[in-house]
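Participant: Got chain A; can you put chain B on it based on the hints?
Top line first, the protein sequences correspond to chains A and B.
Residue numbers are given in the working numbering: position 31 of the first sequence equals residue 31, and the series is strictly consecutive.
Residue numbers are given in the working numbering: position 44 of the second sequence equals residue 44, and the series is strictly consecutive.
Worth flagging that the hints you see were computed from the coordinates, not collected in a lab.
No experiment lies behind these values; they were computed from the predicted model shown.
Quick reminder that beta carbons are idealized off the backbone N, C-alpha and C, glycines included.
One or more of the hints may lead you astray.
Unchecked claim - Okay, derived cross-link-like pairs now, SDA-like style, lysine to any residue, Cα gap no bigger than 25 Å in a straight line:
#1 K4/A to I49/A
#2 K104/B to G186/B
#3 K8/A to I85/B
#4 K115/B to G38/A
#5 K4/A to K122/B
#6 K28/A to D61/B
#7 K101/B to S15/A
#8 K28/A to L233/B
#9 K25/A to K101/B
#10 K163/B to I85/B
#11 K4/A to Y55/B
#12 K21/B to E219/B
#13 K122/B to I41/A
#14 K25/A to I85/B
#15 K4/A to P29/B
What the hints assert, rightly or not - Listing some non-contacts, in silico: residues in chain B with all C-beta distances to chain A over 10 Å:
#16 D25
#17 P29
#18 C64
#19 I85
#20 N93
#21 Y111
#22 A137
#23 N159
#24 P178
#25 E196
#26 D213
#27 F232
#28 G235
#29 E244
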Amino acid sequence: MKVKINGKIAELDASLSLLELLEVKGIKPGQAVIQYNGDIIDRDSWTDIVLKENDELEILRFVGGG
Amino acid sequence: MDVLRIGGKEITSRLFLGTGKFSSDSLLPGVIRASGVQVVTVALRRVDFDNPQEYMLNYIDRECILMPNTSGARTADEAVRIARIARAAGCGNWVKIEVIKDNKYLLPDNYETLKATETLAKEGFAVFPYMSPDLMAARQMRDAGAAAVMPLGSPIGSNRGLKTKELIRILIDEIDIPIIVDAGIGRPSEAAEAMEMGAAAVLVNTAIAVAEDPVAMAEAFGLAVRAGRKAFLAGPGAVKEYAEASSPLTGFLRDTEQ
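One chain only, chain A, in its complex shape:
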């Protein structure tokens, strides 16, 4: 299954929820914010949304900035 994560095509083996994807990627849930197909998704819904073919994700977090 192909999905686009942060502008890059990624191949995923199984159907993962947003939360499971973060775990696979080694990102602590408290350190990220997710935009899923253009919508900002509340953390409460990260287990409910399961990725499907051609989904587009932006996984963002804070960095140093002025």
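Facilitator: Okay, now just chain B, sitting in the frame of chain A:
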């Protein structure tokens, strides 16, 4: 106690810290301690899965107020989108609006910044627009519900100081919300000068981040901002064209003072 009430909070440190460009985020705890800052700006970026790094917020004191910026936005719509994402990240409702299309001088687009300010203020954000120091634009930002306005002293990261001093002076005189001088301040003396003029606060990033000793420079900026603020509250004397003797001119050496 000299308290700054701003964006629904009460703070006592009038130095705001930008957290970009530090050689390592691990410098930040020392910088924050040395300067006494209570407000820090952060940016929002894609997670780089190929280059995992310690999460930057782990270095920021939990007592600090986070002010995410909208850097990278070239339009009001993009700034609004970034602000909403930042709020969804759960770090409060403060946002610094930064809309920049000019890559050479990184000057802000006041018109797009105003549009973003209007939208976000209505959504309950405490909006801090970074702007060119234009009086009319600043009035419109205030009317749109900005929590403060943040005029630039000189281009971002230039360390050129308060080149826009006269325009900032007019904003301080005319705009009844806090004026926070942002961008370009390169030396503690310039931060002190902004505070002496009556700025509510200053935001410093590059000058601290690129100093040889960022922690010591952070302390110097903290002292300068406190000194400048104290001088403003003390009410500086008038500037005069000619000398006025500081010692009494009693004429015991000769009968007539010449």
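Participant: For which of the previously enumerated hints does the structure constitute a violation, in increasing order of number?
Facilitator: Going through the list in order, the structure violates hints 5, 7, 8, 9, 10, 15, 16, 19 and respects the others.
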